[in-house]
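*Asks:* These protein sequence lines are chains A and B, in that order.
The first sequence runs contiguously to residue 142 in my numbering.
The second sequence runs contiguously to residue 204 in my numbering.
If you are wondering where the hints come from, they were derived from the structure by calculation, not from laboratory data.
It is possible that some hints are incorrect.
[Unchecked claim] Now the stretches of chain A that chain B is said to cover, found in silico as 3 or more residues with beta-carbon under 8 Å: (1) 4 to 12; (2) 20 to 30; (3) 47 to 54; (4) 59 to 68; (5) 126 to 132.
[What the hints assert, rightly or not] Derived contacts from chain B toward chain A, CB cut-off under 8 Å, selection only: (6) L16; (7) T17; (8) F39; (9) I43; (10) G49; (11) Y59; (12) N62; (13) F65; (14) V103; (15) P111; (16) E113; (17) M147; (18) P155; (19) G156; (20) G174; (21) L175.
Don't be surprised by glycine CBs; every beta carbon is placed ideally from N, CA and C.
The residues making up each chain are set out below.
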Amino acid sequence: MLVNTIRLYIIHVSAIAAGILGSYYSGLDIMTALVYLLIIAWEARRAGSISFRNNIITACVWQAPGIFFAVLCISSFDPMGLYEYAIFILQFWFTPLLGLLSLAGINSYFDKPLYYYLLICLPFISVLYYLGAAGTSRR
Amino acid sequence: MNTNQRRRMDRFRLLLFPLLTVLLAMLLVSGNRPVFNNREAVFYTYIDSAARGNFGYGTSLKYANNISFTGLEKGDIILGGYPDCAYGRFSHVAMYIGEGEVIEAFVDYGVHIRPIEHFRDYKYVCLLRVQADPEIKQQAVDYACRFQGNMFYALAFKPGDRIWNCSKVIWKAYQEQGLELDESGDLWISPDIFYNSSQTSLIRKRGY
Chain A
4 MLVNTIRLYI IHVSAIAAGI LGSYYSGLDI MTALVYLLII AWEARRAGSI SFRNNIITAC
64 VWQAPGIFFA VLCISSFDPM GLYEYAIFIL QFWFTPLLGL LSLAGINSYF DKPLYYYLLI
124 CLPFISVLYY LGAAGTSRR
Chain B
-3 MNTNQRRRMD RFRLLLFPLL TVLLAMLLVS GNRPVFNNRE AVFYTYIDSA ARGNFGYGTS
57 LKYANNISFT GLEKGDIILG GYPDCAYGRF SHVAMYIGEG EVIEAFVDYG VHIRPIEHFR
117 DYKYVCLLRV QADPEIKQQA VDYACRFQGN MFYALAFKPG DRIWNCSKVI WKAYQEQGLE
177 LDESGDLWIS PDIFYNSSQT SLIRKRGY
């Protein structure tokens, strides 16, 4: 479980760096986002033999930074003055998916663009994605 | 798949993005050597600020500056700054589009239009006029407004039209009309480049 979590962090953090650099080249950010999703699914399938409970823990620990800043965004909790930077940090955390997020469309709902709401939900969607992919290797 | 193949695939997945990062970094640096050789580039400004513990757009309080917005014309540029901004004196920029409104980009609104009055919250504020014909400035305003709703990302590079930051919207709007406001040739656009541009003139300022 610990090994899987560390692997996820290494992949995710290096995908942040690759995502930032990839955004310089037209379309490469979308390709890196798709590759990122494939790699995470592959990692999840690798962990298919681990118990569902341990996979939940792995996924939640992996997305702990995202979950923390998503909760900050929707609450008025302001630890160490982080509240005003929460959405920035949340967006940086999901840089691996930047290319796909940018395709979310230009419509706004309650004054906020769709990508804003996607960013808030992404930590939880990522956990479910990981669990879903891990589940497919158990069948 | 046998054990050795499985281990190789495990290593491949783990190393793919680190190797891609190194490759992309080498490509980016080799294709933009003049930028990385320029100690004034915003990249180094940010590194120096980060070394001092400044990472964001500065100490944001409601400073209630008393700058007057009278006489603004469409296409004028408004800069706002907080103390300790990591990427220059100014942390935000918008373009006046008329009727008391500006077009700008921010993380939780994307590229959007809002009243100009929120620039009273900044400690440093500055109004600039681009030296161009009114028709050119109107075209720049129209161009920027086409990207309403598009995504904001703080580190948006100059190339591309899916990802924007507050400075890139305005820089690109004028660049498309044949005016290059960035004389540094940097990879990113920061608000300070408009202040430093020889193609803008100061209308008025407050706070510094």
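*Asks:* Run every hint past the structure and note whether it holds.
*Replies:* Each hint tested on the structure:
1. A stretch counts as covered by a chain when three or more of its residues have a beta carbon under 8 Å from one of that chain; for the region 4 to 12 of chain A and chain B the count is 1, and the coverage is violated.
2. For the region 20 to 30 of chain A, the stated coverage by chain B is satisfied: 9 residues place a CB nearer than 8 Å to a CB of that chain, which reaches the threshold of 3.
3. Using a Cβ-Cβ cut-off of 8 Å, 1 residues of the region 47 to 54 of chain A lie near chain B, which falls short of the minimum of three, so the contact claim is violated.
4. Counting residues of the region 59 to 68 of chain A whose C-beta lies closer than 8 Å to any C-beta of chain B gives 0; at least three are required, and the coverage claim is violated.
5. Only residues whose C-beta sits within less than 8 Å of a C-beta in chain B count toward coverage, and the region 126 to 132 of chain A has 0 of them, not enough to reach three; the restraint is violated.
6. Because the smallest distance between the Cβ of L16 (chain B) and any Cβ of chain A comes to about 5 Å, under 8 Å, the interface hint for this residue holds.
7. Because the beta carbon of T17 (chain B) sits about 4 Å from the nearest beta carbon in chain A, less than 8 Å, this interface hint is met.
8. Hint status for F39 (chain B): violated, given a least beta-carbon distance of 12 Å to chain A, over 8 Å.
9. The interface hint given for I43 (chain B) is broken, as the beta carbon of that residue sits about 15 Å from the closest beta carbon of chain A, more than 8 Å.
10. Interface hint status for G49 (chain B): violated, as the beta-carbon distance to the closest one in chain A is roughly 13 Å, over 8 Å.
11. Annotation: interface hint on Y59 (chain B) violated; nearest CB of chain A at approximately 15 Å, more than 8 Å.
12. Hint status for N62 (chain B) relative to chain A: violated, with the closest Cβ pair at about 24 Å, above 8 Å.
13. Look at F65 (chain B): its Cβ only gets to about 23 Å from chain A, farther than 8 Å, so that hint breaks.
14. Restraint check, V103 (chain B) versus chain A: the minimum CB separation of about 5 Å is within 8 Å; hint holds.
15. Taking 8 Å as the C-beta contact cut-off toward chain A, the hint placing P111 (chain B) at the interface is violated, the least distance being around 13 Å.
16. This hint is violated: E113 (chain B) has a C-beta 16 Å from the nearest C-beta of chain A, more than the 8 Å allowed.
17. With a least beta-carbon distance of about 5 Å to chain A, the hint placing M147 (chain B) at the interface is held under the 8 Å criterion.
18. For P155 (chain B), the interface hint holds, the least distance from its beta-carbon to any beta-carbon of chain A being 6 Å, beneath 8 Å.
19. A hinted interface residue such as G156 (chain B) counts as satisfied when its beta carbon comes closer than 8 Å to some beta carbon of chain A; here the least separation is about 6 Å, so the hint holds.
20. Taking 8 Å as the C-beta contact cut-off toward chain A, the hint placing G174 (chain B) at the interface is violated, the least distance being around 22 Å.
21. Because the beta carbon of L175 (chain B) sits about 23 Å from the nearest beta carbon in chain A, more than 8 Å, this interface hint is broken.
Consistency with the previously given hints fails for numbers 1, 3, 4, 5, 8, 9, 10, 11, 12, 13, 15, 16, 20 and 21, ordered from lowest to highest.
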